[in-house]
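> Given only the sequences and the hints, what does the whole structure look like? Please build it.
Protein chains in written order, with this note's numbering: chain A, 6 to 542; chain B, 62 to 447.
Hints were generated in silico from the structure; no laboratory data involved. Please read all numbers here as calculations on a predicted model, not as lab measurements. Hints may contain errors.
[Claimed, not checked] Stretches of chain B that chain A covers, calculated by requiring three or more beta carbons in the stretch to come under 8 Å of a beta carbon on chain A:
#, segment
1, 171-184
2, 208-220
3, 321-327
4, 397-407
Virtual Cβ for every residue (Gly too), placed ideally from N, Cα, C.
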Amino acid sequence: MEIGLVELSRMQFALTAMYHFLFVPLTLGLSILVAIMETVYVMTNRPIWRQMTKFWGTLFGINFVLGVATGITMEFQFGMNWSYYSHYVGDIFGAPLAIEGLMAFFLEATFVGLFFFGWDKLSKVQHMVVAWLVAIGSNFSALWILIANGWMQNPVGAEFNPDTMRMEMTSFFDVLFNEVAQAKFVHTVSAGYVTASVFVLGVSALYLIQNKHKDLARRSIAVASAFGLAAALSVVVLGDESGYSASHTQKMKLAAIEAMWETHDAPAPFTAIGFPDQEARETHYAVEIPWAMGLIGTRSLTQEIPGINDLVAESEVKIRDGLIAYDALMTIREQREVTPPEVRETFEAHSDNLGYALLLKQYVDDPRDASESQIKMAADDTVPGVAPLFWAFRLMVALGFSFIAVMAYFFYRASFRNMQFPRWSLYAAVAIIPTPWIAAELGWFVAEFGRQPWTVDGVLPTALSASHLSIADLLITLAGFLIFYSVLFVIEVSLMVKYIRKGPFQDVEETNAWQERHEARLRSETPAPTLAATPAE
Amino acid sequence: MILFELIEYDILRVIWWALLGVLLIGFALTDGFDMGVGALLPFVAKTDVERRVAINTVGPVWEGNQVWFILGGGAIFAAWPPLYAVSFSGFYLAMFVVLAAFIVRPVAFKYRSKREGAAWRTRWDWALFAGGAVPSLLFGVAVGNVLLGVPFYLTEDLMPMYPGNFAIKFIGLLRPFALLAGVVSLSMLLMHGAAWLSLKAEGVVAERARAIGIKAGIVAAAGYALAGLWLAFGVDGFALGEVAANGPSNPLYSEVARGGSWLSAYAERPWIVIAPVMAFVGIALAVLGLKAGREVSTLLWSKMGILGIISSVGLTMFPFILPSTLDPNSSLTVWDASSSHQTLFIMLVVTAIFMPLILMYTAWVYKVLWGKVTEAQVTENADTVY
Numbered sequence: 006m007e008i009g010l011v012e013l014s015r016m017q018f019a020l021t022a023m024y025h026f027l028f029v030p031l032t033l034g035l036s037i038l039v040a041i042m043e044t045v046y047v048m049t050n051r052p053i054w055r056q057m058t059k060f061w062g063t064l065f066g067i068n069f070v071l072g073v074a075t076g077i078t079m080e081f082q083f084g085m086n087w088s089y090y091s092h093y094v095g096d097i098f099g100a101p102l103a104i105e106g107l108m109a110f111f112l113e114a115t116f117v118g119l120f121f122f123g124w125d126k127l128s129k130v131q132h133m134v135v136a137w138l139v140a141i142g143s144n145f146s147a148l149w150i151l152i153a154n155g156w157m158q159n160p161v162g163a164e165f166n167p168d169t170m171r172m173e174m175t176s177f178f179d180v181l182f183n184e185v186a187q188a189k190f191v192h193t194v195s196a197g198y199v200t201a202s203v204f205v206l207g208v209s210a211l212y213l214i215q216n217k218h219k220d221l222a223r224r225s226i227a228v229a230s231a232f233g234l235a236a237a238l239s240v241v242v243l244g245d246e247s248g249y250s251a252s253h254t255q256k257m258k259l260a261a262i263e264a265m266w267e268t269h270d271a272p273a274p275f276t277a278i279g280f281p282d283q284e285a286r287e288t289h290y291a292v293e294i295p296w297a298m299g300l301i302g303t304r305s306l307t308q309e310i311p312g313i314n315d316l317v318a319e320s321e322v323k324i325r326d327g328l329i330a331y332d333a334l335m336t337i338r339e340q341r342e343v344t345p346p347e348v349r350e351t352f353e354a355h356s357d358n359l360g361y362a363l364l365l366k367q368y369v370d371d372p373r374d375a376s377e378s379q380i381k382m383a384a385d386d387t388v389p390g391v392a393p394l395f396w397a398f399r400l401m402v403a404l405g406f407s408f409i410a411v412m413a414y415f416f417y418r419a420s421f422r423n424m425q426f427p428r429w430s431l432y433a434a435v436a437i438i439p440t441p442w443i444a445a446e447l448g449w450f451v452a453e454f455g456r457q458p459w460t461v462d463g464v465l466p467t468a469l470s471a472s473h474l475s476i477a478d479l480l481i482t483l484a485g486f487l488i489f490y491s492v493l494f495v496i497e498v499s500l501m502v503k504y505i506r507k508g509p510f511q512d513v514e515e516t517n518a519w520q521e522r523h524e525a526r527l528r529s530e531t532p533a534p535t536l537a538a539t540p541a542e
Numbered sequence: 062m063i064l065f066e067l068i069e070y071d072i073l074r075v076i077w078w079a080l081l082g083v084l085l086i087g088f089a090l091t092d093g094f095d096m097g098v099g100a101l102l103p104f105v106a107k108t109d110v111e112r113r114v115a116i117n118t119v120g121p122v123w124e125g126n127q128v129w130f131i132l133g134g135g136a137i138f139a140a141w142p143p144l145y146a147v148s149f150s151g152f153y154l155a156m157f158v159v160l161a162a163f164i165v166r167p168v169a170f171k172y173r174s175k176r177e178g179a180a181w182r183t184r185w186d187w188a189l190f191a192g193g194a195v196p197s198l199l200f201g202v203a204v205g206n207v208l209l210g211v212p213f214y215l216t217e218d219l220m221p222m223y224p225g226n227f228a229i230k231f232i233g234l235l236r237p238f239a240l241l242a243g244v245v246s247l248s249m250l251l252m253h254g255a256a257w258l259s260l261k262a263e264g265v266v267a268e269r270a271r272a273i274g275i276k277a278g279i280v281a282a283a284g285y286a287l288a289g290l291w292l293a294f295g296v297d298g299f300a301l302g303e304v305a306a307n308g309p310s311n312p313l314y315s316e317v318a319r320g321g322s323w324l325s326a327y328a329e330r331p332w333i334v335i336a337p338v339m340a341f342v343g344i345a346l347a348v349l350g351l352k353a354g355r356e357v358s359t360l361l362w363s364k365m366g367i368l369g370i371i372s373s374v375g376l377t378m379f380p381f382i383l384p385s386t387l388d389p390n391s392s393l394t395v396w397d398a399s400s401s402h403q404t405l406f407i408m409l410v411v412t413a414i415f416m417p418l419i420l421m422y423t424a425w426v427y428k429v430l431w432g433k434v435t436e437a438q439v440t441e442n443a444d445t446v447y
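As structure tokens, then:
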């Protein structure tokens, strides 16, 4: 593939989005874990829980800030690098992004400062509420961004307006309750909860190995494994839900993930392992599990799942249909004041496939001039890269199931074996700390790479979406982000390590002193002298 | 859904034009003092403790304030998609610089005091300085360029195009008038940051801030007056031909002519003179307040000055949002660059629900945090605060 403007723009988006998502899952999960710990503290009044809240809160803060900072890039990058996309679908796509700001960002960002600075200014219950507001704000933001992303996968509630040359919203309700978005939201936040649980589990296991902070570590494992088990189950169940919705909304993505070249008689087998060959359109050395794919994908024994070859043929039909819409659109544009009504009718009848005609734009300026072979090429383009999807998906699923096993094991030991953990299991818990991040990034890869060649499935091709910048523009910013983000990553990780080493440096006596001061302050209504330091943020 | 037809399309467009202004002003009034404090940091605070006092005056609030910027981006996307598409890709490298500043700033706040060591902290102090000063300057430069007109055009498919070499495009933003606008913006936010520090800090930090704030206010007022004269005599305006205020959002459907002056708006709508008056009065009273050492009122006057300056730009240009020099017909205006009728309505409903809530809880947080940040507090809570 020649590296052109579109490829560079995609690389930059992949880089900045995947980097952003290094921090987001931990924010999603840790915010809730911290709020749970603080709730236990308020309910039981036992200082150890406050110590846990502050310790994990400190690590949360170090991570949170980079999630916020790298999120700024995401908010503006659509306009900077994907200007035609922004014009074409902004009427729909912009709304959830703006609502995200109104409903989620303000909430989490306004209260996160108070979470760290408010210990001596708020009552215990008030502070706990603040912790929950931060957690709720973070999770709301995931909801809205996944409604936006869900619309790119399954563009419902919108239609093309020839006057404005863009998609416009017809039903906000449909956009909001898009089945793809709902499944994705729960799948994604659950993945965040798993990430945070594995993180808390791993760091606590490290303390147990080192024989320090054992009270904090044991309790943290108890919380994380219970929360993590529920989350790991939810990730897999909702992942399956996503797969099911893909079977009728994104057939091509599903077929590519499964490397299903031919439509198989129902119920189709599931290819557990194999080597997809895109040129030959077959999968070598495939190991198949009979019936499984049909059951997962359609939840029936009789419904067929179309294979890639049939879907390409379908795309070709859609391209030809889209060309009718494109031709009508050009007529409407030329005779704007006096468009014959039948032209408008023709357009409306075929406009669902207008996007398929736009696939030809990368071969010819006017899709109507496309040759037969170009139409065939465009139809072939609708197949995403099969092998990377096939493998990424399998790795993600394997990780997903292994998280259930890990969490179930630690939950069992914590609940029924008196919080005694064999040494090997502690080492294992430390070793797997990075794996949920790998699974989460693979998940995004499958979702976004699997949607190619579209930015909005069936509506707008990726090749058309990018801004008309110069290659030099892109090289400068790509290099800039690479260097800048690498430096920040090193700093972030080194601070995390520093504060994990330092451990919960606030002992029980200190918390007791704080509690006395705190209660005195609540009684006296006048600010108590802040004598000792209140560490951990 | 017929509900959205309750409010006429053209009225919704004007409301969203005003809300765009509210967001920009909200950003300048809140995050403006954060940026001002950052830009003032090397000058008002010399020792580590002084710097921490200055930083902690904004420590618990900058994060919420910054959301005004992010929401500004989101709201432009939702309500003015063509503006979002054209402006951010047109100002591509400048936007990258702004983003870099806005990424490094949060990190600097959070990480600066997480390690001892002068080198570590000095580095982050520079990051805070750049994170405040660079965007303050560049936002003004951007506004200056919008007044001058931006070299873009739209194809028949409404694809935004910006011909030319990347370096020339970037350097081309630094036109003299735009630089002047940048100076106004920077000095205005320096004044605002100084007013904030005078309220929230004590002793030498507050004193130095007041001294710089007075100068910055005078520069801002003089620069603003000069820019007004420049607009009157040295900058061509734009004039919109006939357009359907209720029509589809396609900029190419209307004709735009160059020539005349932006300031002819004051002849057509004399009441808008209230904006520049507020700007001058606000700045003057803020400067006097800084001199006299008044605290709360000074910050309020400074806010009024900023409100006047920003709203005067919008009111002068109305109905233009982003004029094009290459092809004036491609210019984006209130009547042809908005979202659809339905989207504007839905977003208005959502905003009407959430904006009051946001203002309420933000006010509550400021109330909880009310009071000065002192050196004693910072040294006693050395591990807790920024």
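> If a hint holds in the structure, say so; if it doesn't, say that too.
Hints versus structure:
{"no.": "1", "hint": "171-184", "verdict": "holds (count 4)"}
{"no.": "2", "hint": "208-220", "verdict": "holds (count 4)"}
{"no.": "3", "hint": "321-327", "verdict": "violated (count 0)"}
{"no.": "4", "hint": "397-407", "verdict": "holds (count 5)"}
The earlier numbered hint that this structure contradicts is number 3, and it is the only one.
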